[in-house]
Structures are given as structure tokens and as C-alpha cells.
Amino acid sequence: MPDWLIVVLVVAAVLIIGALAFGAMRKNREKQVVQRREEAEEHRQGAVGAAREAGEADLAARRAAEEAERAREQSQELERKAAETDPDTPKR
1 MPDWLIVVLV VAAVLIIGAL AFGAMRKNRE KQVVQRREEA EEHRQGAVGA AREAGEADLA
61 ARRAAEEAER AREQSQELER KAAETDPDTP KR
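Per our numbering, residue 1 is the first one in the sequence shown, and the count goes up by one each step.
Source of the hints: derived by calculation from the structure; they are not laboratory data.
Computed from a predicted model, the values in this text were never measured in an experiment.
In this text, a Cβ means the ideal position worked out from N, Cα and C, and glycines have one as well.
Treat the hints with care, since some could be wrong.
Stated by the list, open to error - Pairwise CB distance ranges (calculated):
1) GLN35 / GLU69: 33 to 39 angstroms
2) ARG52 / GLU30: 32 to 38 angstroms
3) LEU59 / PRO90: 41 to 47 angstroms
4) ASP86 / LEU59: 29 to 35 angstroms
5) ALA57 / VAL34: 32 to 38 angstroms
6) ARG52 / GLY18: 48 to 54 angstroms
7) GLU38 / ARG70: 46 to 52 angstroms
8) ARG44 / ALA24: 29 to 35 angstroms
9) GLU42 / ARG70: 41 to 47 angstroms
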């Protein structure tokens, strides 16, 4: 076999192996990108859920604060009526 043919075969083999390796690396990289996209989507869904829960908790807290304010006002009104009714309370 001539020397030039051996060189051509070796170069061709190296190029084919290099192309296969490059293709495998590219496919692996694409797979990682897809996995990272899926992970990012999971994080986004988690963030949306957490934001919804936070909004619900905020609404519940506001309602509780409003209820506490109404109870406080009712208590003050009852205290005022008690002071008006109590004969031992000095009149102003």
C-alpha cells in the first residue's frame, strides 16, 4: 500500500472520529440546555405558586386586621356605654 494512501486513510479516520466526537458533544450540550429549560420552568411554576400563596396570605392578614379593628371599635363603644351607664364614673 502506498504511503500517501495510508496518510489519506489516517487523516480520514481522524476527521471522522473528530466529527463523531463533535456531534456527540453538541448533542450532549443540547440535552443539557433542554434540561436547564425544564428546570427553569419548574422554578417559574414554583415562583407563581409561591406568589399566589403570598397573595392569599396577605389578603387573609388584611381581613384579620380589619376584623381586629372592628372588634377594637366595638370594644371602645361598649366601654363608652359602660362609662355612661356606670353611676360611679365621674361625668365630664
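Against the structure, the hints come out as follows:
no.	hint	result
1	GLN35 / GLU69: 33 to 39 angstroms	violated, 51 angstroms
2	ARG52 / GLU30: 32 to 38 angstroms	holds, 33 angstroms
3	LEU59 / PRO90: 41 to 47 angstroms	holds, 45 angstroms
4	ASP86 / LEU59: 29 to 35 angstroms	violated, 40 angstroms
5	ALA57 / VAL34: 32 to 38 angstroms	holds, 35 angstroms
6	ARG52 / GLY18: 48 to 54 angstroms	holds, 51 angstroms
7	GLU38 / ARG70: 46 to 52 angstroms	holds, 48 angstroms
8	ARG44 / ALA24: 29 to 35 angstroms	holds, 31 angstroms
9	GLU42 / ARG70: 41 to 47 angstroms	holds, 42 angstroms
Figure legend: structure checked against the earlier numbered hints; hints not met, in rising order: 1 and 4.
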